[in-house]
Amino acid sequence: MSPKLLTASSALALVAALPAAAEMNFNRIASFPVASNWSGAAPDETAPEIISVTADGMTLVYSDSPGGVIGAIDITDPANPKPLGVMEMDGEPTAVSIIGTTAFVGINTSESYTQPSGMVKAIDVPSMTELARCDLGGQPDSTAAAPDGSFISIAIENERDEDAGDGRVPQMPAGNLVMIDVTDGTLDCTSLTRADLTGLADVAPEDPEPEFADINGLGETAVTLQENNHIAVVARDGSIVSHFSAGGVDLDNIDVEDERAALTFTASQKNRLREPDGLQWIDDDHFAIANEGDMDGGARGMTIFHKDGTVVWESGTSFEHAIVQIGHYPDKRSDSKGVEPEGMEFAVFNGTPYVFLLAERSSIIGVYDVTDPANPVLTQLLPSGISPEGAVAIPERGLLATANEYDGLEDGAARAHVMIFEYQDAPAVYPHLTSEGADRLIGWGANSGMVAAEDGTIYAVNDSFYAFQPTIFHIDPGQTPARIVDAIPVTRAGRPAQLMDMEGITLDGEGGFYVVSEGRPGRGILHAIYHVAADGEIAEVIPFPKELMAVERRHASEGITRLGDTLWIAIQREWDDDPKNHVKLVSYNLETGEWGAVHYPKAEPATGWVGLSEITAHGDHVYVIERDNQHADAAVTKKIFRVSLDQMQPAPLGGTLPVVTKEEVRDLIPELTATGGYVLDKVEGLAIQADGTAWVSTDNDGVDDHSGETMFFSIGKID
Numbered sequence: 001m002s003p004k005l006l007t008a009s010s011a012l013a014l015v016a017a018l019p020a021a022a023e024m025n026f027n028r029i030a031s032f033p034v035a036s037n038w039s040g041a042a043p044d045e046t047a048p049e050i051i052s053v054t055a056d057g058m059t060l061v062y063s064d065s066p067g068g069v070i071g072a073i074d075i076t077d078p079a080n081p082k083p084l085g086v087m088e089m090d091g092e093p094t095a096v097s098i099i100g101t102t103a104f105v106g107i108n109t110s111e112s113y114t115q116p117s118g119m120v121k122a123i124d125v126p127s128m129t130e131l132a133r134c135d136l137g138g139q140p141d142s143t144a145a146a147p148d149g150s151f152i153s154i155a156i157e158n159e160r161d162e163d164a165g166d167g168r169v170p171q172m173p174a175g176n177l178v179m180i181d182v183t184d185g186t187l188d189c190t191s192l193t194r195a196d197l198t199g200l201a202d203v204a205p206e207d208p209e210p211e212f213a214d215i216n217g218l219g220e221t222a223v224t225l226q227e228n229n230h231i232a233v234v235a236r237d238g239s240i241v242s243h244f245s246a247g248g249v250d251l252d253n254i255d256v257e258d259e260r261a262a263l264t265f266t267a268s269q270k271n272r273l274r275e276p277d278g279l280q281w282i283d284d285d286h287f288a289i290a291n292e293g294d295m296d297g298g299a300r301g302m303t304i305f306h307k308d309g310t311v312v313w314e315s316g317t318s319f320e321h322a323i324v325q326i327g328h329y330p331d332k333r334s335d336s337k338g339v340e341p342e343g344m345e346f347a348v349f350n351g352t353p354y355v356f357l358l359a360e361r362s363s364i365i366g367v368y369d370v371t372d373p374a375n376p377v378l379t380q381l382l383p384s385g386i387s388p389e390g391a392v393a394i395p396e397r398g399l400l401a402t403a404n405e406y407d408g409l410e411d412g413a414a415r416a417h418v419m420i421f422e423y424q425d426a427p428a429v430y431p432h433l434t435s436e437g438a439d440r441l442i443g444w445g446a447n448s449g450m451v452a453a454e455d456g457t458i459y460a461v462n463d464s465f466y467a468f469q470p471t472i473f474h475i476d477p478g479q480t481p482a483r484i485v486d487a488i489p490v491t492r493a494g495r496p497a498q499l500m501d502m503e504g505i506t507l508d509g510e511g512g513f514y515v516v517s518e519g520r521p522g523r524g525i526l527h528a529i530y531h532v533a534a535d536g537e538i539a540e541v542i543p544f545p546k547e548l549m550a551v552e553r554r555h556a557s558e559g560i561t562r563l564g565d566t567l568w569i570a571i572q573r574e575w576d577d578d579p580k581n582h583v584k585l586v587s588y589n590l591e592t593g594e595w596g597a598v599h600y601p602k603a604e605p606a607t608g609w610v611g612l613s614e615i616t617a618h619g620d621h622v623y624v625i626e627r628d629n630q631h632a633d634a635a636v637t638k639k640i641f642r643v644s645l646d647q648m649q650p651a652p653l654g655g656t657l658p659v660v661t662k663e664e665v666r667d668l669i670p671e672l673t674a675t676g677g678y679v680l681d682k683v684e685g686l687a688i689q690a691d692g693t694a695w696v697s698t699d700n701d702g703v704d705d706h707s708g709e710t711m712f713f714s715i716g717k718i719d
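Counting from 1, one number per residue, gives the positions in the sequence shown under this note's numbering.
To be clear, the hints were calculated from the coordinates, so they are not data collected in a lab.
Any given hint could turn out to be false.
Stated by the list, open to error - Per label pair, the in silico range of CB-to-CB distance:
no. : residue 1 : residue 2 : range
1   : THR491    : LYS82     : 51 to 57 Å
2   : THR673    : MET172    : 21 to 27 Å
3   : THR607    : ASP308    : 26 to 32 Å
To be verified - The list that follows gives simulated cross-link-like pairs (lysine to any residue, SDA-like), each with its CA atoms no further than 20 Å apart:
no. : residue 1 : residue 2
4   : LYS270    : ASP283
5   : LYS270    : VAL311
6   : LYS82     : GLY398
Backbone N, C-alpha and C fix where the C-beta goes; we use that ideal spot for every residue, glycine too.
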């Protein structure tokens, strides 16, 4: 392969420089942290779940179940959303749908699973005041508004107790579907109609558990009965138009082991029940379902049905495999429901009908062109925040918004966000990196250190998240998006090497590599340099010397580079003998076997900690990435510095070390926010090509308490 090298100042600049007559694509333009909607201190958990929009397209409203509120966002300028505050709901808001300027909010007030209760409120959005409320006689799960604004439907789930009866249905009381007229912008509680859904399903017919509802132009409500693996279509008068089993799907080439810490797409599941969650009408005869799964199922994709029960199209594993290729596969969910499609939205943009499929566990939005419902086309995969739950399209303004429910405050991850996308005459910005086009399905994630080869291609390593599958990835950055063209397993005696945490890679000059592993002696993981042959077989292990091991700490090697006969390793944070805010750059001479080090002065952290995450030699300098462990608005330090080679004069370990002088080269926060997302914490890879073009990448933590987003971009010539 002879890759075409980029010469633009950055991958983002390259995208902007492409011809103007590009096809239409959705690109993210803003991220709104919902914690900012609280006038005082926000609670420890905020979770935007279901989201809707006023008729003028200017105000978003979302339900926040743990906060017990609805929140509102001003998107008059969608690239700069503004907080409008929250309103308490006297219970747990589970869903919201808007007609005009009135938000209809389903609220769970249940004291127990066996005595469910709830209500629906009508809220005037501009004034955030209550207009009316209706008792529902059960626990609401989802709401839907009729296209003509004449009524709403509410799925009364009366959900089961997962700790009772082995968590299985039936568990009474049964759920149902409620429909209420909307008159003069508010609820007419006297019109409440309750549709009986018992006796329909093959699975627990006495206990239907409606999950999600949507209404077509004929006033027919389609509702998923997730635990019953069933779908019903209900007329406005409560009569059943049709009903049928959601059925099952044969899945091949999937990963079903979540404890193996490896991406192995070799298993099959026959007749995996769909157990759908989200549902959206495409037209008056066809709807799509998201096959999330629950008790016994999870078909990991999307199905399109005719309302008479005929399967028009089935995605099979194609959706999940597309997600695998862009590094968003959530390995820890392999034994359950994989990427877990859950929410959905449908809208027509510029004459093209789209279904937006939200994969909760992989934090991805699949964009399907459903011009022909029998032959949908997956046109894009959009990066969402962590765990997208709800979405609303605003085609009149060319916008799409998603509500991402996971709040990572307690886990040290990013807080919950609402994200906004715009339909643009522009190339798709995401993904930055994909294995699409490789000769086999290559899963990847948690990429850490990088190095550029003489031909301009790049090698990267994954870290210990994939402890049973250490891999060197070969990347062609000359394509857009950049392509993983090969994956080289790192092996011992021909078998996958274990007890490694690869955090850096450099070339040995003879076709092979030197890889550095961040040790954890308590778990049997060495602090060591590994000499790896071109085929991935470990040829030699060079453990850290006793002088280093005497002062070692958990946060260790985070990059390696080669200068002639000397390897240099960046230690992430202070060890026992280091002065405050100073870390070691450790040297190892390949000819003499001598170890040494210099001290590098890192920034004082504003919050949390600051450390090094990469080291790369180029020209007359070594370049390092210095970063804090903060996300989003709390992020301060995500920078590249350099040190002149004449200062890289190591002193023996155990004594006083010389302190090098650093020079700031680049603040990376502008690049990290250039695609409308929040700042990702782990900037971990830096590769510099022979002509000085520098490439930066982020580590997505294996999509564990993480959005899965990997940024891989060029910052142009670094020297």
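Cross-check of the supplied hints:
no., hint, result
1, THR491 x LYS82: 51 to 57 Å, "holds, 54 Å"
2, THR673 x MET172: 21 to 27 Å, "violated, 51 Å"
3, THR607 x ASP308: 26 to 32 Å, "violated, 58 Å"
4, LYS270 x ASP283, "violated, 31 Å"
5, LYS270 x VAL311, "holds, 17 Å"
6, LYS82 x GLY398, "holds, 19 Å"
In terms of the numbered hints stated before, the structure departs from hints 2, 3, 4, listed from lowest to highest.
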